[in-house]
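Novice: If you read the protein sequences in the order shown, they are chains S and U. Reading the first sequence from the start, the letters are residues 1 to 367 in the working numbering. Reading the second sequence from the start, the letters are residues 1001 to 1190 in the working numbering.
FYI, nobody ran anything at the bench for these hints, they're computed from the structure. As the structure is a computational prediction, the values presented were derived from the model and not from experiment. Hints are not guaranteed to be accurate.
[To be verified] These stretches of chain S come out as covered by chain U in the derived footprint (C-beta under 8 angstroms, 3 or more residues):
# : segment
1 : 42–55
2 : 66–78
[As the list claims (entries may be wrong)] Think about it this way: if two alpha-carbon atoms lie no more than 35 angstroms apart in a straight line, the pair counts; the simulated DSBU-like pairs of lysine-lysine are:
# : chain 1 : residue 1 : chain 2 : residue 2
3 : S       : 96        : U       : 1092
4 : S       : 31        : U       : 1177
5 : S       : 24        : U       : 1183
6 : S       : 51        : S       : 39
7 : S       : 24        : U       : 1184
[What the hints assert, rightly or not] Computed, partial: chain U to chain S, Cβ under 7 angstroms:
#  : residue
8  : 1029
9  : 1036
10 : 1040
11 : 1043
12 : 1127
13 : 1184
14 : 1187
Where is the CB? At the ideal position from N, CA and C, for every residue including glycine.
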Amino acid sequence: MSDNQLLEVIERYLNGEMKADERKKFEVLRKENAEVDGKVVEHKLFTNLLKQYGERVELETRLNAIHDEIDVHTLKENLMVHPVWIVQLWRNHHSKISVAASVAIFGVLVSLWSTGKLNTGDNTNIVELKNKVDRLDKSNTNLSRSINAIKSEKGKSTVVDKYSATATGFAITADGLIATNYHVVDGANAVSVQNADGESYKAEVLYTEPQHDIAILKIIDKSFTGLKTVPYTFKRAESNIAEQISTYGYPDGFPAYSPGSLSSLVGQNGDSVHYKVTIPINPGNSGGPLWDSKGNVIGITDAKQSQIEGEHFAIKIRYLLNAIKNIPADSLDNKVLLNKKNTLAGLSEAQKTEKTKNFVFMVKVYN
Amino acid sequence: MNKHLKDSTPTDSEVILGILNNSESALKRLYTAYFPMVLQLIINNNGNEDDAKDIYQEAIIVLYNKVKAGDFELSSKLKTYLYSICRRLWLKRLTQINRYGGDIRDFQEFLPIEEEDVDQHSDRDIQFNKMESALRLLGEPCKTIMEDFYIHNRSMQDICERFGYTNADNAKTQKYKCLQRLKKLFFQQK
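Chain S with its partners taken away, still in its complex shape (with noise of 0.2 angstroms):
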């Protein structure tokens, strides 16, 4: 059987043309011939890819056909999605606007340059802070002068200066128990106080209370045989909005009386610790006396944290009072007494200050 009978045959068995005995001769021919079983399947595999191949270009043809019939450039217009005009902008001449940038900004360099603002600018600055330095140098200079008068000042009066603070402080008891703010004896080596009349007094600082700046001192000297019955009273019930106010003490070391108002029953932020008051006082007035109209002490005056000019604070009295009962039994020698009979009510406030200056202490802290 030639090559081309043989194909002829394979292709009646593939088309299913042959007779049941002639198949069945064919089958058996496979069976027993390798060489005619793989023609059979390659020939089978060939015609199937040319039979798939048309059918492809066929329906590529149909394809081509119904594509022709859409109008694609109309459609293209509607579905292209335009950026906004910026980014066309820079997408059609980011070269030109790069090398445009470039330029500008090699101008300015030169410029900058070519009038020394790049060179200078830094001189000045230096030489400012080296004016800066020199002034520093020199107020340094005058300070540690100023250090060395004071030092050798010191060296020749030690007889007559030897505290380094004073405030004011009053009396509680008649056995000599003083109340003052805890910022003024805080850190003091020795305390000691002195009355109207110039008599100094040495003391020791009994008890305090940090978080309310309260100190109370007891006088321990000696020659101290105790004062009068003490002539004021302590309010403990909070006292009124606007009400007058007065202290007594020792704003720079000589006494002062000083008049004003109760300006609000709380301190700073609304803090109830203390009383807001209008009062000129200084430094020297903490640890003073605040009494109302009556002669009654509502409050320890504290200048400390004055910020705004006549306006300043007052440990209310219910504090201290709290203070004195906090006292350890062991540190008293005796209980602690307070006046319950204010003789000051009705009094100007001439007479009243007259009468209560004795019992205002100038406290004097040693470093």
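Knowing the structure of chain S, use the given hints to seat chain U on it.
Specialist: Relative to chain S, chain U alone:
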């Protein structure tokens, strides 16, 4: 035009049945319904309208073959399926021509497409390209004889008459020779 296209959008089952029944109108409605979607994808992602045509027809053919082979399961909307195929094909094409910037602007939701679907398709495309050039090299009258007999299923009798062969045996011999040459040309190609 847009409105007209929208009105004539075929349902998914219409398309499947239409392909199975070789319906020309179903194919046309399918083609016109979703071409704008693919055109939009391609022209806004570094392509032109010719790229869109190529990619879209390729996707239609993938769908067509799957439906014809009977292994097409519609697990999503046909629209989504076609968009996903086109997206996959276009990404592949962009990568090949080094125009893919790592970012594609999408206009529809899409599904992950299995590599298999697209790769199988391109394998077959290579075979078809080989066949095409083999046929071209074969020349006439062999080309027409091959096409008539093996593609259009014409009988040898028809072919005899068409080419003026005096008897069927001559024609058969001629056909045999042509086939041998075609095979040789086909398998010679790499």
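Novice: Each of the hints needs a verdict: does it hold here or not?
Specialist: Hint check results:
Chain U is given as covering the segment 42–55 of chain S, and this holds because 9 residues of the stretch bring a CB closer than 8 angstroms to a CB of that chain, at least three being needed. Counting residues of the segment 66–78 of chain S whose CB lies closer than 8 angstroms to any CB of chain U gives 11, so the stated coverage by that chain holds, three being the minimum. Straight-line distance between C-alpha atoms of residue 96 of chain S and residue 1092 of chain U comes to about 33 angstroms, which keeps the hinted pair within the 35 angstroms bound. Between residue 31 of chain S and residue 1177 of chain U, the direct Cα distance comes to roughly 27 angstroms. Compliance with the 35 angstroms bound is thereby established for this hinted pair.
Restraint check: the Cα-Cα separation between residue 24 of chain S and residue 1183 of chain U comes to about 28 angstroms, which is no more than 35 angstroms; the hinted pair holds. Our distance criterion of 35 angstroms between C-alpha atoms is met by residue 51 of chain S and residue 39 of chain S, whose separation comes to about 18 angstroms. Annotation: proposed proximity of residue 24 of chain S to residue 1184 of chain U holds, straight-line Cα distance about 31 angstroms (limit 35 angstroms). For residue 1029 of chain U, the shortest C-beta to C-beta distance to chain S is roughly 9 angstroms, which exceeds 7 angstroms, and the interface hint is violated.
For residue 1036 of chain U, the interface hint holds, since its Cβ comes within 7 angstroms of a Cβ in chain S; the closest pair sits about 5 angstroms apart. Restraint check, residue 1040 of chain U versus chain S: the minimum CB separation of about 4 angstroms is within 7 angstroms; hint holds. Taken as an interface hint, residue 1043 of chain U checks out: its beta carbon lies about 6 angstroms from the nearest beta carbon of chain S, inside 7 angstroms. A cut of 7 angstroms between beta carbons decides the hint on residue 1127 of chain U: the least distance to chain S is about 6 angstroms, and the hint holds.
For residue 1184 of chain U, the interface hint is violated, since its Cβ never comes within 7 angstroms of a Cβ in chain S; the closest pair sits about 11 angstroms apart. For residue 1187 of chain U, the interface hint is violated, the least distance from its beta-carbon to any beta-carbon of chain S being 9 angstroms, above 7 angstroms.
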